[in-house]
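**Student:** Listed below are the residues making up each chain.
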Amino acid sequence: MSKLYTFLKYFFIVFWAVFVVAPFLWALTTSFKDFQSVNGGVTYIPWVDFEPNLEGWKVLIKSPAKGGVDIIEPYFNSLFVTCTASLISIILGTLSAYALSRYTFKAGFVKNNDITFFFISQRIMPPIVLSIPFFLFLSSINLLDSLLGLIVVYIVLLMPIAVWIMVDFFNKVPREIDETALIDGCNPYQAFLKVVLPNSIPGLIVAGMFCIIFGWIDFFFAFILTFTEVQLLPVKIVALNSSVTPWWSLSASALVSVAPLIIVAFIVERYLSKGNLSGAIK
Amino acid sequence: MNLIAKNLTYKPSEQYHLNEVSFNFKEGNLYTILGRTLSGKTTLLKTIAGLLTPDSGEIDFDGKNFLKVPVWERNVAMVYQQFINYPHLNVFENIAFPLKQRKIDPDIINEKVMNSLKSVGLVGYEKRKIQELSGGQQQRVSLARSLVKNAKILLLDEPLVNLDYKLREQLREEFKNLFSKGLADQTILIYSTTDPRETMELNGEVIVLDEGKVLQVGPAKEIFENPNSLKVAEISNDPPMNIIAVEIFENSIQFEGIKLKAPEHFSGLSQEGIKIGLRSSDIELSENGHEFEVELAEISGSETLLHLSRGSAKIIVSIEEVLNFKIHDKVKINFKIEKAYAFNSNGKLASSPFGGLNGQN
Chain A
1 MSKLYTFLKY FFIVFWAVFV VAPFLWALTT SFKDFQSVNG GVTYIPWVDF EPNLEGWKVL
61 IKSPAKGGVD IIEPYFNSLF VTCTASLISI ILGTLSAYAL SRYTFKAGFV KNNDITFFFI
121 SQRIMPPIVL SIPFFLFLSS INLLDSLLGL IVVYIVLLMP IAVWIMVDFF NKVPREIDET
181 ALIDGCNPYQ AFLKVVLPNS IPGLIVAGMF CIIFGWIDFF FAFILTFTEV QLLPVKIVAL
241 NSSVTPWWSL SASALVSVAP LIIVAFIVER YLSKGNLSGA IK
Chain B
283 MNLIAKNLTY KPSEQYHLNE VSFNFKEGNL YTILGRTLSG KTTLLKTIAG LLTPDSGEID
343 FDGKNFLKVP VWERNVAMVY QQFINYPHLN VFENIAFPLK QRKIDPDIIN EKVMNSLKSV
403 GLVGYEKRKI QELSGGQQQR VSLARSLVKN AKILLLDEPL VNLDYKLREQ LREEFKNLFS
463 KGLADQTILI YSTTDPRETM ELNGEVIVLD EGKVLQVGPA KEIFENPNSL KVAEISNDPP
523 MNIIAVEIFE NSIQFEGIKL KAPEHFSGLS QEGIKIGLRS SDIELSENGH EFEVELAEIS
583 GSETLLHLSR GSAKIIVSIE EVLNFKIHDK VKINFKIEKA YAFNSNGKLA SSPFGGLNGQ
643 N
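Going down the list, the sequences are from chains A and B.
All residue numbers in the first sequence are consecutive under this note's numbering, ending with 282.
All residue numbers in the second sequence are consecutive under this note's numbering, ending with 643.
The set of hints was computed from the structure by calculation and includes no laboratory data.
Among the hints, a few may not be true.
Said to hold, decoys possible - Cβ pair distances, simulated, as ranges:
#1 B/Ser416 to A/Pro174: 17 to 23 Å
#2 A/Ile120 to B/Asn606: 56 to 62 Å
#3 B/Asn444 to A/Asn113: 26 to 32 Å
#4 B/Asn357 to A/Val110: 35 to 41 Å
#5 B/Gly417 to A/Asn113: 30 to 36 Å
#6 A/Lys106 to B/Asn444: 32 to 38 Å
#7 B/Glu309 to A/Asn187: 24 to 30 Å
#8 B/Ser416 to A/Ala99: 34 to 40 Å
#9 B/Ser416 to A/Pro46: 57 to 63 Å
#10 A/Pro174 to B/Arg479: 26 to 32 Å
As the list claims (entries may be wrong) - Chain A regions said to be covered by chain B (calculated; three or more residues, Cβ under 8 Å):
#11 179-187
#12 194-200
Idealized CB from N, CA, C, for every residue including glycine.
Just chain B, same shape as in the assembly:
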């Protein structure tokens, strides 16, 4: 059973929420929609669920026109980023709600709800009120409510974003287990997120969305290795990929008085307006490197993020240890230039260290 969308467009005001979005989702697969906030992820999921009607375009499911089917007959399930449950019902009743709606035999409901409680690790909580649960538990309840329906399409709209760091890690792990346990066999799983790491970990088919437009579609690895444009490179990396405007010469790259040897895969690049992209982890502190000035140093977990500048070039470097820097300190850094990407003047990928487009322009 395929979910096929053609040219979905939704423009309620000045800005596009969806702009000619097309895709072909197959059952048994996990699709990750990666995009920044306000990129149209939620709009897309709500359109698939039937909560929004696009201005134009088609959605086809199982050979039928899906836009003609009202929400309550679509057999989809959705988990929101806010923990949405029914506050007047207890945990058991919450999860049983969609089944009761289908008028299923109470014994079967009981069994299914208990199974689904087991799969999200909430056995023993069935009599609890929703308000008595923690955020993570509430989100598990809404996940259980989505799982219990055996919906053909399961939509997860940034389900982890409102959880604290530890819970997020834990629940993400559980998600991966759930998804791999054959749940996905007859289901189309659609997971939206702003977090590139989450995207890579879930390792599904990725749809990169920005301003309502699909920028790139491909397996997570492909998106990571060969982002097809500057935008994708920024969205699919956290911190965003460093973009530096450079001049390319025969065998060297130059910017702000720094001269670097051009890597092999850059051969043949000769255009004006080339920008190179380098991940923050591909820049390292080095005694005999190039001097930059510290603009900001933030410590996140066990990492230090250094915001550096030299002339008009601004870069972010992530260092795998906790270091203290002061603003206006001078640091010396080295570029792992063999890991650099090149983008040409219209923002398209011109050269990738993973060989995506080597030699082509």
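The shape of chain A in the complex, shown without the other chains:
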């Protein structure tokens, strides 16, 4: 019985690992192929199955004048926009979430929960609904096709995530902890910074991770709100497509675009599994 259990356990682990890793493996090998080896049947092992070359990768850093696509600038644009928007969203979102969790707001029939829902409702609408207002709004303040404009839009998109996660998190931090901090001589700001915030690091990490992921993978708004001046990575990658699909450079760009998320996931996983973050509050 236990042998069967062990067998099944490992079977599913291996199955799942293959399921997850295979696409990456496919992308990795494909990125070293050229037109001939891509179309020459299913091959995986370099030097045996096919002759690897770096053409797919070189295209990504070559200037367009030399027939490349140069994703370096869009890459840093994407990093900059995602990180800035995520950071601002986390700061503003955490502050609003704390207020929503601890203080009672009332304007007519609108109460705390309604305000929280208002934030989330931004994410319920299909993005297409927001695209035209955003376009008109950005063009009226001259921020179309600019990094700042994108950051503004991404804050609108990411802050609800931060608010949503943090309200839930703060609701689980007992109020008595804030009260004890007040009694121990903290004013409300110190109570928040010295006591509540250090105990909310797991929540901040989760919220931050979601913001980074959603900001990084966005294609739609980056596509609609930029033209020539500023380009973000997802848009640039799609632009790689021409009459002949360049599988090799698509694969290479897919790998470099996933890389930051993998790094973030590794760091966060290490941090969370240290154990001092989870279960800090009974």
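Fit chain B to the given chain A structure using the hints.
**Tutor:** Same frame as chain A, but now just chain B:
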């Protein structure tokens, strides 16, 4: 330095949390707030701490309007019934937190924290994380954090209620020692509890609170001997005092076909609607007593609590040994009627065996 409250009222919704509460607390004394759950004890403590603002009323401390002073400048300390500590700090840092907040010299902080650790018996634990401590130890840390500040007002909100029986006994003993060690000299100690036994053991000035209203104020002994109303009699006894509706005749008390000789201190009682109160420990099993039916028998520690009924009269008897009864068993009991209280129809104490109100109505 006195803490004086006048007509504190707090009514956030339909029910009163505080209803015209007034008191005058003097430094160096222990005050026990006795009340059932939801009687307004925590509200009162939080109002004193400054975490809640009453709808109306005044609090005066040391001649100053206390309501104008924000929490963080009040110099109070509070221990909650949940074990509240800062989870991101270790034991030492937890206790040092209020001192660091005051920007005190690190050497002095060190010394004070070590002293306070000693007084709660947690020396050697200073590097531990809070989550690594047991409930009792966590509560000691929060007590140490309250003691280290030398606060003028120390609030303890049912500090023992979430601990298991043995720890509760032990910590209560330690509390008594701490309180008597001169700690209370310049401090106003306010201790809230639902447990009448705790109240009697702490032996301070008792404030009986119910539905936000102060029912009686007095030394523990006085509350025990002369509860001024039915409510107080119920709240200040565990199990609650047995209340039986009776008819009073010249020399006898009658109810449910039982005729008892009226005790001496009942003389002069003649009103309609008299109820007598008798503690569960003042009723005993007896061969030639009156027959009651067992409704429920619970064993608690070395005691047996018998819930008995006869007609509409329902009583609880506590017996100092472990006995087995079945439901619907018949038992015979005797009333120590000389220990009975009488309450008149509006629930006020009419007569007490300890002579509180003898002869008066």
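**Student:** If a hint holds in the structure, say so; if it doesn't, say that too.
**Tutor:** Hint-by-hint comparison with the structure:
no. : hint                             : verdict
1   : B/Ser416 to A/Pro174: 17 to 23 Å : holds, 19 Å
2   : A/Ile120 to B/Asn606: 56 to 62 Å : holds, 59 Å
3   : B/Asn444 to A/Asn113: 26 to 32 Å : holds, 30 Å
4   : B/Asn357 to A/Val110: 35 to 41 Å : holds, 39 Å
5   : B/Gly417 to A/Asn113: 30 to 36 Å : holds, 33 Å
6   : A/Lys106 to B/Asn444: 32 to 38 Å : holds, 33 Å
7   : B/Glu309 to A/Asn187: 24 to 30 Å : holds, 27 Å
8   : B/Ser416 to A/Ala99: 34 to 40 Å  : holds, 35 Å
9   : B/Ser416 to A/Pro46: 57 to 63 Å  : holds, 60 Å
10  : A/Pro174 to B/Arg479: 26 to 32 Å : holds, 29 Å
11  : 179-187                          : holds (count 9)
12  : 194-200                          : holds (count 3)
Checked against the numbered hints given earlier, this structure breaks none of them.
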